[in-house]
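The lines below spell out each chain.
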Amino acid sequence: MSALLAAAGSLEPAARSYLSPTGQEIVFLLVGVLVLGAAVVSVTTRQLVHAALWLVVALGGLAVEFLLLTAEFVAWVQVLVYLGSVVVLVLFGLMLTRAPIGRSPDADSGNRPAALAVGVASAATLVTLVVDAFRSSWIDLSGPAGTTRLTGEFLFSHWVLPFEALSVLLLAALVGAIVLSRTKDDRAKPRPGNLRTALTKSKER
Amino acid sequence: MTTTHDLGQPVMTSLAVADPGGLIQSVDWVAVAPPLIAALAALAVLVADLFLPEARKRLLGWLSAAGLLAALAMLLPLLGGTRSTFCFTSGGCSYTADHFALAFQLLALGGALLTVLLSLHTVDAEKLPGGEYWFLLLSSACGAALLPAARDLATLVIALEVATLPAFALVALRRDGRGAESALKFFLSSVTATAVMLLGVSFVYAAAGTIQLQGIAEGLAHAPAQLKPLAEAGAVLTLVGFAFKTAAVPFHFWVPDTYVGAPLPVAGYLSVVGKAAGLSGLALVTTVAFRPYGHTWGLVLAVLAALTMTVGNAAALRQRAGTPHGAVRLLAWSSVGQAGYLLVPLAAAGYAGSADPLGATVAYALIYGLVNLGAFGVVALVGGSGRLEEFRGLASRNRWAAFALAFFLLCLAGLPPGVVGLFGKVVVFRAAVDAGLGWLAVVMAVNVVIALAYYLKWTALLFAPAAGPAAAPRRAPAPLSAALGLAACGAVVLSVAPQLVLQVVSGSLF
Amino acid sequence: MHLAYPAVLAVLLFSVGVYGVLARRNVVLVLMSVELMLNAVNLNLVAFDVWLRDTLHAGQALTLFTITVAAAEIGLGLAIVLLVYRTRRTAAVDEVTALGDRHEADDLADAAKEQAAA
Amino acid sequence: MNLALPILVPVLPALGAAAGLATGRRYPGLARPLAVLPVATAAVLALVTALQLGTGATLDAATRLAPTGGPEISLALHLDGFTSLISVLVGLVATCVQIYSTAYLKDDPRYPSYAALVSLFTAAMFLVVYSGDLIVLLVGWEVMGICSYFLIGHHWETADARAASLKAFLVTKLGDVPFLFGLFLLGADAGTFRIGEVLRTAADGGLHHPTLIALLLLAGVAGKSAQFPLHTWLPDAMAGPTPVSALIHAATMVAAGIYLVARLLPVFLQSSAALVVLAVMAAVTMVGSALCALAQDDLKRVLAYSTVGQLGYMAGALASGDRQAAVFHLVSHGAFKALLFLGAGVVIHAAHTNSLSAMARMDGLRHRIQDAQWTMAIGLLALAGVFPFSGFFSKESVLTAAEHAAHGEALTGSLGPASAVPTAVGWTVLVAGLLTALLTAAYALRLWLAVFYGRSRNGKDLAPQAGAPYSPEIDEADPAHLEPAAMRLTLWVLAVPALAFGLAGLRTDWLPALLDGESLRVSFATGVLGTGTAAAGVLIAWAAWRTVNARAAAGQQPADPARLLLGPLYRPAQHGFGVDQLYSAVFVRPTEAAARLVRFLDRAVVETYVRGAGAAPGWLGRAVRFAQTGNAQGYLTALLAGAVLLAVLVAVRS
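In the order they appear, the protein sequences are chains P, Z, X and B. Reading the first sequence from the start, the letters are residues 2 to 206 in our numbering. Reading the second sequence from the start, the letters are residues 22 to 531 in our numbering. Reading the third sequence from the start, the letters are residues 16 to 133 in our numbering. Reading the fourth sequence from the start, the letters are residues 437 to 1090 in our numbering.
Please note that a few of the clues may not be correct.
Restraint-style ranges between C-beta atoms, simulated for each label pair [as the list claims (entries may be wrong)]:
{"hint": "1", "chain 1": "P", "residue 1": "Thr23", "chain 2": "Z", "residue 2": "Trp50", "range": "48 to 58 Å"}
{"hint": "2", "chain 1": "B", "residue 1": "Pro545", "chain 2": "Z", "residue 2": "Gly459", "range": "42 to 52 Å"}
{"hint": "3", "chain 1": "Z", "residue 1": "Val68", "chain 2": "P", "residue 2": "Trp77", "range": "29 to 39 Å"}
{"hint": "4", "chain 1": "Z", "residue 1": "Ala485", "chain 2": "P", "residue 2": "Arg104", "range": "33 to 43 Å"}
{"hint": "5", "chain 1": "P", "residue 1": "Arg47", "chain 2": "B", "residue 2": "Arg1089", "range": "34 to 44 Å"}
{"hint": "6", "chain 1": "Z", "residue 1": "Gln524", "chain 2": "B", "residue 2": "His843", "range": "24 to 34 Å"}
Selected chain P positions facing chain B (in silico; Cβ < 8 Å) [said to hold, decoys possible]:
{"hint": "7", "residue": "Thr45"}
{"hint": "8", "residue": "Gln48"}
{"hint": "9", "residue": "Ala115"}
{"hint": "10", "residue": "Val119"}
{"hint": "11", "residue": "Ala122"}
{"hint": "12", "residue": "Ser123"}
{"hint": "13", "residue": "Thr126"}
{"hint": "14", "residue": "Leu130"}
Quick caveat, the hints were computed from the structure, so don't treat them as lab data. Predicted model only: the values in this text are computed from it and were never measured. Positions of the beta carbon are idealized from the N, C-alpha and C atoms, including for glycine.
Isolated chain P (complex conformation):
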């Protein structure tokens, strides 16, 4: 059965050459360049808050890429979870740790040369591997692959167990985050959802 699945992804010589891209591909590439550029700026800029904002651009661009790949539901989740909450959390984190608003000269650690080496090495390796493997693969984008209805169906007909496990994970993360944000002598239990008050309170201390 899985042999059949493996054959489902076509390794046949691409129906189109790389030199005559489809409209979708052009959009994908343009957005891809934007995403990559935003990501690079995000990890190099010296303005910490800007880094978070560039991250928003990169993650939003990725949502567009998901849409282009016909994975609608994933795209919306991406927008909701990342742009809606993760980035907000990150900004909170930056502010609560009193990250300077302007340029900070020491945004990068002394580990930069090593980081560059490892980053370049990983990029070289992975790109080589991926290009070598997929140089002739073609994605068939016809038909719905990720509508909300479809997603709901496959999630609940195939992936119930990890889904349930995730609920334990989320609850544990929530409880963990709350308990760590409370200060030690703060014995009164915060009501659910006042993580933020706890955070700000701790900041005031």
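Fit chains Z, X and B to the supplied structure of chain P, relying on the hints for placement.
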């Protein structure tokens, strides 16, 4: 959308394969009972925490212990045979309770139970927030119990996260600088390792077309040659996440720092249950999913094993008696070294091309788990700043604790009278030799000898005369004594009758 | 669409994340870089899912799980960062090194003691 | 026969040890009975077992212990004449030592744990003797190693004791690693760990790597039985209490190595190379240690070196293919060496020093401790191999075995063809043995004269010399009183076998029937040669003693007769021919590291271990610790770099 359709390819909608009778997979509740009960117990603790008055919070700990006992009891009806649930209509299941899963569930839940007993005192003494502590511990145990039964990569990854994520919070639960720092290191290493692992998973998925373990094996065996390098790299990257949990070198750096900063029972928990989770995941993905690439990961694991044991033991050897928290640090490095031994049969499985050597890992892990938790328990009992110096003359202050620790250390070292440790090592040794990994066996033997030095040094320290005036013997808290007694009795029983645990070596696991 | 496009984009994004994790000083920025890595994996998974026409949609399911895991991780991670900041007054990853085991100071002290004893 | 008896023999002392450890602190009064009674009972049971078994019979019993998936391990019992003989010896010596210790360590606060360890040690030795399974034997072997570590380090307040216990442990462990490999290889080759079956396989030529196995095992034997080049721990181990020396270093632990080779001799006979190595090892050990013994000033070190030398005789007999002679000498040596050590304990107790040169300046020791004087005379005569003491017969049987081997007709009995032993082995052992006989007689006489016939020159020399060897005992001997009866009477008990056991060699039917059945009769040629060389040694030593005393009377600085005899060899011999220094140079980092070794004894376990095993783990450990900077980013770099490296390697390979 302009696409060219591959005509030879059947177009299937999800409706065509989904079970027409019901949308949701059927569930065998008995099979999933062990992790499920742990999760339910966690919830119960969390709810009970809201209603219990401050003075009765101790009950929560006992409630957790009861929950884990119930979960352990639910292993018994599963002994008969293999049961699977959460099955796909197209074949394969997400959850399988076979002997392999049961053995590791026993380790995870039993280890968690011992940890609970060890923690009862710590939670009080260090004023940790009780309800959250027990809840997080039980959630993590639930993940560790789910992991060995998972049979697809999604469940495996999520279970690993369920086991790990609460542990971050547990490590930092003292909410002081040390706890925070150690949690930070643990967290960063773990998150990075997870990302690398997921990248590997995505490559494996691309090459095999599925994320069910059994399916991956078939898919990889038939994968086109073009995808092979990618698939092998993906397989190896997938191992990283589990190797991180197992504390294999070079993914081990977090271990000493984290153990030192964490509350002691949590450190013990990480060194046993965390390691068991990583190890079971490693065993599953290697021997089940990546079976066709046995020689690749066999070699990788063999090298990792050799590195791990050598680095762990060499570092443990350098621990000074006067360093604060030296005892925990020594145990941390020793656990790195032991992880090396645990990896040996896995590597052997890659070379032998069969899952038979896994039995040795299971047996050794069970032995190691029991003894190591015991050692952490004694260190917790001694308390203080955890310098090795403080163990000098323990025998004159607290004879039973000293004997217990000496016995645990001898078991870890693999010396008589800790015969069970010796047998464990012999079994692992055999696995390596049988698979033709002679060089690894030699490395292991040398390491066992190196390790003798620091285990014996510590043991000798216990019986040396106390340097200062002997402190008045502190009465050991009852639960702590119970846990230590349990661990010591277990180790003694196994030393007298090692076949109890060694029989898994001969039986078939999957 | 050529599969190579999303796949290459994903691995490049991943490497950028790797660089960020290793080069950034502020822990929050390190966390952001980890998010980049995870997102790269997501792109990979979605692309492979669509390419494989996987009837189980394992790729997309895993993507959704990964997003959730990432959210949980960042929540807990920030709590840890705040705790570190509260106790150590810093959020720079290379300043939180009290638990290291280098002990140069120890070694020097030992050497001095040995000198004195001799 | 009833299996319970032989099983109880190792179990009783072990239980006694456990009980002693458990109750020692709370009920100190129980410590003595708990120390003596189990061991004594075990000794009686060992005797009963031996008598029940009778001569020429063997008994094997086994119960499966652990399925390991391969060769299985079983709790096997093997009884034959060898085990009978040695177990009775072990029981006798251990009982004497326990009784003696009740008096010798009367006021030692750590007596309970000491006695328990001695019991445990005895139990382990019984286990080694009775075990029919190599792995179970290994367990006993290791337990003995640990016990000896603790016992030698009994006086751990002193640097010497700590260093010595450590050294004993490390050096024997250095041998145990190859030994472990040898055992596993042997088990793998033979497909079983049962000794009986291993021997059967060996006899059928079924071993694939006999030479490798034999050499690996020899390393362990050299460690335990203190053969060159791993002998260095034994003289240092004298820092332990004297009864421990008697127990460990005369009759039990060091005998274990010899006993093991005797049991596995058919394996060794498969490889003439291993026999040659064994013979050379024995020869170097014998001669070297005898020279060292002659030059030592410390009474116990003299005895220790003589033990090394006598073990060399046994090894030589084994190399000649005659295990009867080896075990014969083992037993008689066990008896007289235990006697000598216990006697030395009495002397040290009375003289307040270990130093021979200090004793040589003391008047009247012989009047105060007459028991010791006469029993030690018996022991020394046996050691020197004078007719009709036990040492004479056993040593002659060794020389006879060597002589036969030299003529190509080795007394291998039913174990293998006589041709298995190269003639060079016989010659090596024979020549070295005769030379050693001469030296042995010389140092035995020197010892006796120095201890008992010392003469005070000016009455003020009684205090030990500055820098005299270290005397660890808690010492409150009162010159007005005799030593306690427990110390004196045990000497006489041990004197009986030292005197009479050799006569068993004369009754040619009993002892051989118990062992392999070959004759143990002394051949005329070696008898004459051996006695002649011994007599020559005595004469030379006597002459030297007279010369030295005459010079002293003439007002010259009194000197050690050994200095006269050895000439330029004296100083190297006194320092064990620099083997230790050689080790420092080779294994330990040169010179300054050796000096630091002494200074940092508190960390000694780690440091010496690290250096003894080569400095690599130490450097590695330092590097690892150095990498543990505490900077999480560094950790992440290693993690990611490791992952990338793995990916690259795998991608390149595929």
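Looking at the structure, which of the earlier hints fail to hold? As far as the earlier hints go, 4, 6, 7 and 8 are violated by this structure, in ascending order.
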